[in-house]
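S.K.: Going by the working numbering, the final residue of the sequence shown carries number 76, and the count climbs one at a time with no gaps.
Possibly wrong hints are sitting among the right ones.
[Stated by the list, open to error] Ranges of calculated distance between the beta carbons of each label pair, as one might list FRET restraints: (1) Leu19 / Glu42: 43 to 51 Å; (2) Arg54 / Arg14: 33 to 41 Å; (3) Val59 / Lys5: 35 to 43 Å; (4) Glu17 / Glu41: 27 to 35 Å; (5) Ser40 / Leu8: 44 to 52 Å; (6) Gln31 / Leu60: 20 to 28 Å; (7) Glu56 / Gln31: 45 to 53 Å.
Don't read these hints as lab results, they were simulated from the structure. Given the structure is predicted, the values throughout are model-derived calculations rather than measurements. We treat Cβ as the ideally placed atom computed from N, Cα and C, and that holds for glycine.
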Amino acid sequence: MPVKKKPLPERIDRIEERLAEIKLELAELNQNVEGEELDSEEKAEIMATVGHLRDEERVLRERLDELEETGSSPER
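I would like the entire structure built from these sequences, with the hints used as guidance.
M.R.: Pasting the structure below:
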């Protein structure tokens, strides 16, 4: 049975909402780091989180561009 896809505007809205969440998470991480003395383990954890969020942001932006260009999801 084929999986029914959500309507395009709803998918775009969900991607945009997650991008906004990522932006807030990155801002909070940046604010938490400023002026604090962190050990190398804490720095590594924060850098890993930032890297993960930026990767997710990049993938979502690419997906959003695809949806906006094609008007539908590309075949995978």
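S.K.: If you check the beta carbons of Ser40 and Leu8, does the distance land in 44 to 52 Å?
M.R.: Because 45 Å falls inside the window, the suggested range holds.
S.K.: Taking the beta carbons of Leu19 and Glu42, is their distance inside 43 to 51 Å?
M.R.: violated (26 Å)
S.K.: Is 33 to 41 Å respected by the C-beta to C-beta distance linking Arg54 and Arg14?
M.R.: violated (19 Å)
S.K.: CB of Gln31 to CB of Leu60, is that within 20 to 28 Å?
M.R.: holds (22 Å)
S.K.: I want to verify a distance hint. Is the separation of the beta carbons of Glu17 and Glu41 within 27 to 35 Å?
M.R.: holds (32 Å)
S.K.: Measuring from beta carbon to beta carbon, are Val59 and Lys5 in 35 to 43 Å?
M.R.: violated (18 Å)
S.K.: Verify the CB-CB distance for Glu56 and Gln31 against the hinted window 45 to 53 Å.
M.R.: This hint is violated: roughly 20 Å between Cβ atoms.
Taken one by one, the earlier hints fail for this structure at numbers 1, 2, 3 and 7, listed in ascending order.
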